[in-house]
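Since chain A is already given, all that's left is putting chain B on it; use the hints.
Quick mapping for you: the protein sequence lines, in order, are chains A and B.
Residue 170 in our numbering sits at position 19 of the first sequence; the count goes up by one each step and never skips.
Residue 854 in our numbering sits at position 177 of the second sequence; the count goes up by one each step and never skips.
I should point out that these hints are in silico values taken from the structure, not numbers from a laboratory.
By construction, the Cβ of each residue, glycine as well, lies at the ideal position given by its N, Cα and C atoms.
The hints are all genuine.
Which chain B residues face chain A? A few, computed with CB under 10 Å, are given here: (1) ALA911; (2) ALA917; (3) LEU936; (4) GLN940; (5) GLU1175; (6) ARG1179.
Residues per chain are reported as follows:
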Amino acid sequence: MNRILINYISGELIGGSEDVAINADDDLLGSGLVDSLGMMKLVLFIENEFQLKIPPEDMTIENFMTVECISNYLETRIQNNTATVK
Amino acid sequence: MIYNLPQILERSAKLYPEKTAYSFVTGSLSYSELNEKAAQLSAFLLRQGVRKGDRVGIYMNRCLETAIAVYGIMGSGAVYVPLDPAAPAARTRFLLKDCDIRHLISIPGQSRALINLLSEETGLVSVIGLKQEMAVRTFSWEDVFRDRTPFKRPEILGKDLAYIMYTSGSTGAPKGIMHTHNSGLAYAKLSAELYDLNEKDVVGSHAPLHFDISTFAYFSAPLAGASTIIVSDAHIKLPASLSQLMEKEKISVWYSVPLALIQLLQRGVLEKRDLSSLRWVLFGGEVFISKYLLALMKMWPHARFSNVYGPAEVNQCTFYHLENPPSINEEIPIGEIWNNTEARILDANDKEVKKGETGVLAIRSETMMLGYWNNPELTERSLFREKTTEGFESVYFKTGDMVRKNEKGELMFAGRNDRQVKIRGYRVELDEIEALLNAHENIEASAAFTTESDNDGKEITAVALTDNEKKYDSTAIRVYCEDHLPAYAIPTNIYVFEEFPRTSSGKIDRIKLKETITEKRYE
Chain A
152 MNRILINYIS GELIGGSEDV AINADDDLLG SGLVDSLGMM KLVLFIENEF QLKIPPEDMT
212 IENFMTVECI SNYLETRIQN NTATVK
Chain B
678 MIYNLPQILE RSAKLYPEKT AYSFVTGSLS YSELNEKAAQ LSAFLLRQGV RKGDRVGIYM
738 NRCLETAIAV YGIMGSGAVY VPLDPAAPAA RTRFLLKDCD IRHLISIPGQ SRALINLLSE
798 ETGLVSVIGL KQEMAVRTFS WEDVFRDRTP FKRPEILGKD LAYIMYTSGS TGAPKGIMHT
858 HNSGLAYAKL SAELYDLNEK DVVGSHAPLH FDISTFAYFS APLAGASTII VSDAHIKLPA
918 SLSQLMEKEK ISVWYSVPLA LIQLLQRGVL EKRDLSSLRW VLFGGEVFIS KYLLALMKMW
978 PHARFSNVYG PAEVNQCTFY HLENPPSINE EIPIGEIWNN TEARILDAND KEVKKGETGV
1038 LAIRSETMML GYWNNPELTE RSLFREKTTE GFESVYFKTG DMVRKNEKGE LMFAGRNDRQ
1098 VKIRGYRVEL DEIEALLNAH ENIEASAAFT TESDNDGKEI TAVALTDNEK KYDSTAIRVY
1158 CEDHLPAYAI PTNIYVFEEF PRTSSGKIDR IKLKETITEK RYE
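In isolation and in its complexed conformation, chain A is listed as follows (with noise of 0.2 Å):
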């Protein structure tokens, strides 16, 4: 999951001719990498993605920091969905 999600913050986001490395633990939203559009944009991507929406309330700091804390919020997501069908 954390593959998928660098693959389009550094390919699309950041334009990808950059040498900028993106790790999983870097800060997404207060170094600059991604800004306003940019995080709506990923939004889009990852429920089109995933398959899933995204609530209001859940596009927060602790959600969306890193490339790892948005796997972790996916991954409850998508095991409560799972629960859920069960």
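What follows is chain B alone, placed relative to chain A:
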């Protein structure tokens, strides 16, 4: 008596030494701590050879160190120049050279951007705020705070230069707006008085330092002894976290561009937050689309809302307090001229217009800039000189904004004077087209501008920002325009976007948007 900006901090450090002056996610500074650190930076700069009137750059995103930099630089008698670290390096290099900046104050978080900036000649001699191998000398904040020898502040007069803010003119090179201690302090006093700012207030600072709205949080708030919460870049991007912060910090006075408030309304989960401490919501920099303002005023009935107007050249010059929520299509006045300020509404020949007619707003005030840096011709062109008595004249700044007075005598914003275009001989107000589009329930924002038609003429292009799920397309928008606009004013090209490029201050980036459209057309 206070007559320069550093005295604001000295005074509040005496009156409220233990009170929090600025707070950020990483920590906070009391007034006495800030005063001490700022003095250490002033002393350090003087030892580096900085002299009165020298320009010193601030290269930081939102952080606690911005406050130390602003007061440290001004306290040394130098002039602070805030630079946007997100701006292209070439533009920043131009500003550094244009202003002859030799020292830059920064933070470790900007190291990547700094290395990129310094990969070409900049004229810089040192970077202060991070210790790292770079093309110029660097000093850490520890280096700055190590020295505790007392320093003697140079004499700073009200007439001396305090800061220079650059704005990107719609055409041509960036303009450096020069403000003196007098003009900055006059703004701080007038705004603190208008909104009755006091030492109990908690001010939410949303604007980055290079945006002129920031002077409210950096001058007016400390003048009143209020505490300022510097909102982090992360919070700006995530409104649900921002509203949490506003609740936790019990913010009482908020000031930002309308966009930040619209995002709070749309994604801030406001129904779950207790924001009862909010007493003033100030907005400015752009027109607030009334349907959103209406919704927000209903959400926060306990708060008062005020439309702040004024180009960076005069800081602020009018205000309009909304007594009631506006109706959906209602234009919000920019209101009345504030204290110690005079206005003229001028026609194309600099003659005052007749009652109720539209003209360019010209302002004379204590809060007015000294002029544009290194550009006396441009400064002179922006002024209107009125002979009063023999040997005396009143000097006004022509804002370039069109205004008219309504029946109640309130000033109404009628667009930029360069936003009035002629299409096949007809006069068209681009802002009127935008206002019409913005009033539609399926359109979140819009931009209208002229583009070149295939036969070298001019035509109108409009771009609407809509929510993907509402399936509102350009054909539907065309039908809507046909119902409301004369034929010559209907945009030739209509595009629907799901996102708009924004400037770092949150305004719609029309230049970039126009480029995108041009690329789209020739694809």
